[in-house]
Structure formats: structure tokens, C-alpha cells
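Q: Sequence:
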Amino acid sequence: MAIGNSLVTTLYLGREPTYNTFPCFLNIWVSSIGTPLWLTSVAGRFVRLAFLYHFSQAKLVAGSKGAQYIHVGPEKSNLSLEQYAESMVEDPQQFEVFKRFSQRDFSVENVLFFERIQKFRHHTSDIIGEGTLPTWVILEINSIYSIFFAADSEFVLNLEALTVREIRHRFQTGGICPDIFNRALNEIRTLIFRYTYARYVRLGQQGLAKTVL
168 MAIGNSLVTT LYLGREPTYN TFPCFLNIWV SSIGTPLWLT SVAGRFVRLA FLYHFSQAKL
228 VAGSKGAQYI HVGPEKSNLS LEQYAESMVE DPQQFEVFKR FSQRDFSVEN VLFFERIQKF
288 RHHTSDIIGE GTLPTWVILE INSIYSIFFA ADSEFVLNLE ALTVREIRHR FQTGGICPDI
348 FNRALNEIRT LIFRYTYARY VRLGQQGLAK TVL
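The sequence shown begins at 168 in the numbering used here and counts up by one.
Derived from the structure by calculation, the hints contain no laboratory data. A quick note: this is a predicted structure, and the numbers were derived from the prediction, not measured. Cβ coordinates follow ideal geometry from the N, Cα and C atoms, glycine included. Hints should not be assumed to be uniformly reliable.
To be verified - Here are the simulated distance ranges between beta carbons:
| # | residue 1 | residue 2 | range |
| --- | --- | --- | --- |
| 1 | R335 | T302 | 18 to 26 Å |
| 2 | P259 | R366 | 17 to 25 Å |
| 3 | A365 | D258 | 27 to 35 Å |
| 4 | S310 | H336 | 17 to 25 Å |
| 5 | D258 | S292 | 17 to 25 Å |
| 6 | T357 | S313 | 36 to 44 Å |
| 7 | A318 | E282 | 32 to 40 Å |
| 8 | R369 | I305 | 36 to 44 Å |
| 9 | S313 | H290 | 30 to 38 Å |
| 10 | T302 | R350 | 19 to 27 Å |
| 11 | T299 | R366 | 37 to 45 Å |
Make a model of the complete structure from these sequences and hints.
A: So, in C-alpha cells, the structure goes:
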């Protein structure tokens with residue numbers, strides 16, 4: 168009953184469930200029936216992702232005011248697919264729709280990393296060299312590492328082994344600087360623009376209303 172009430176209340180109040188809002192609720196439910204801690208963690212993770220997948224697909228079909236899918240294909244212009252992708256990420260509304268698509272495309276970690284690094288680079292654009300970094304910069308770099316590079320992270324990136332080794336080595340040897348993730352960003356950028364965005368465009372061309380969910 169507690170589960171039903173919690174879920175119904177969430178939906179009734181119009182608060183769309185997000186990844187971060189489910190862990191406590193689900194873990195409390197699973198733990199209450201005496202499930203081992205390790206199984207609680209695994210079950211909570213997969214059920215949270217299942218909920219996110221469901222709601223992301225519903226949003227893609229239903230859409231929301233001011234954030235509908237809009238795309239003018241490259242066939243109507245001399246711009247390349249990657250140039251269209253560049254334009255898309257500069258539009259907050261379109262990028263949000265694309266981010267939702269990446270959830271169902273199982274590539275959301277790439278888009279989240281790209282978004283996080285873009286914001287980080289914007290805020291650190293005036294920091295040059297490897298001198299003493301502000302505390303907030305060091306904390307942000309460590310946060311990005313723990314989310315996208317730690318072996319046990321739920322959003323660990325699928326990068327070339329050499330790239331991962333280089334970043335981990337720099338962390339171990341104290342070679343931390345604002346450009347530490349540049350190589351990873353270049354790889355992720357390629358994955359997003361050439362593959363995820365290409366699938367996003369195909370989905371738009373087929374028509375979201377005809378997509379089988």
C-alpha cells in the first residue's frame with residue numbers, strides 16, 4: 168500500500184519521477200521485506216531505470232508545450248549532420264528533448280557527460296594552466312570523475328581503454344587540470360553526433376506517432 172500511495176501521489180502532484188527521486192522509495196520497500204543489502208541495491212537500480220524508461224518514452228510520444236520535436240533534415244541544406252547536431256545542443260528545449268531520447272536509446276550517460284563538461288568548460292574558461300585550482304573546480308572535477316569514470320558508477324562511459332587509463336593516471340599522480348576530460352569529450356562528442364543524433368533524426372523522420380514503444 169505504501170508503494171501504491173507513494174507512486175500515485177508523485178503522479179498526481181505532477182512531479183515526473185527522475186532517477187534521483189526513486190532510490191530511497193524503492194530501497195525502503197525492498198528492505199522492508201528482508202532482502203539482502205546487495206540485492207536491494209541491484210533491484211533498486213534496475214527498477215529505477217525501468218521507471219525512467221517508461222516515462223521518457225511517454226514524453227517522447229506525448230511531448231510537452233514548448234518542447235516538441237523539431238528537425239529540418241540535412242537533405243534540405245548544405246549543413247552536415249554534425250553541424251545540425253551542434254545547432255541542436257545550443258537550443259535548450261531541443262537538447263532537453265534529445266536528452267530524453269538518449270534515455271530510451273541507452274546512451275544517456277554520453278549526453279549527460281557532454282552537458283556536464285560543456286557547463287564546466289564555460290565556468291572555467293578563464294582558468295589557464297595547471298597552477299593552483301580553486302576548490303570548487305577540484306570538487307567539480309572529482310564529481311565528474313566519480314559519476315562517469317569510477318568503475319562502479321551507474322553512468323560509467325564506454326570509452327577507449329587508453330583514454331580511461333590516461334585520465335585515471337592523471338588522478339593518481341595529481342595531474343588534475345581543467346582540460347583533463349578533453350580527450351574523453353572528443354570521443355563522446357563523436358558517439359553523440361554520429362550515432363545517437365543520427366538515430367534521433369531517423370526517429371523524427373519516421374514520425375513519433377508511428378513509433379512502436
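Q: Broken hints, numbered, in rising order?
A: 3, 6, 7 and 9
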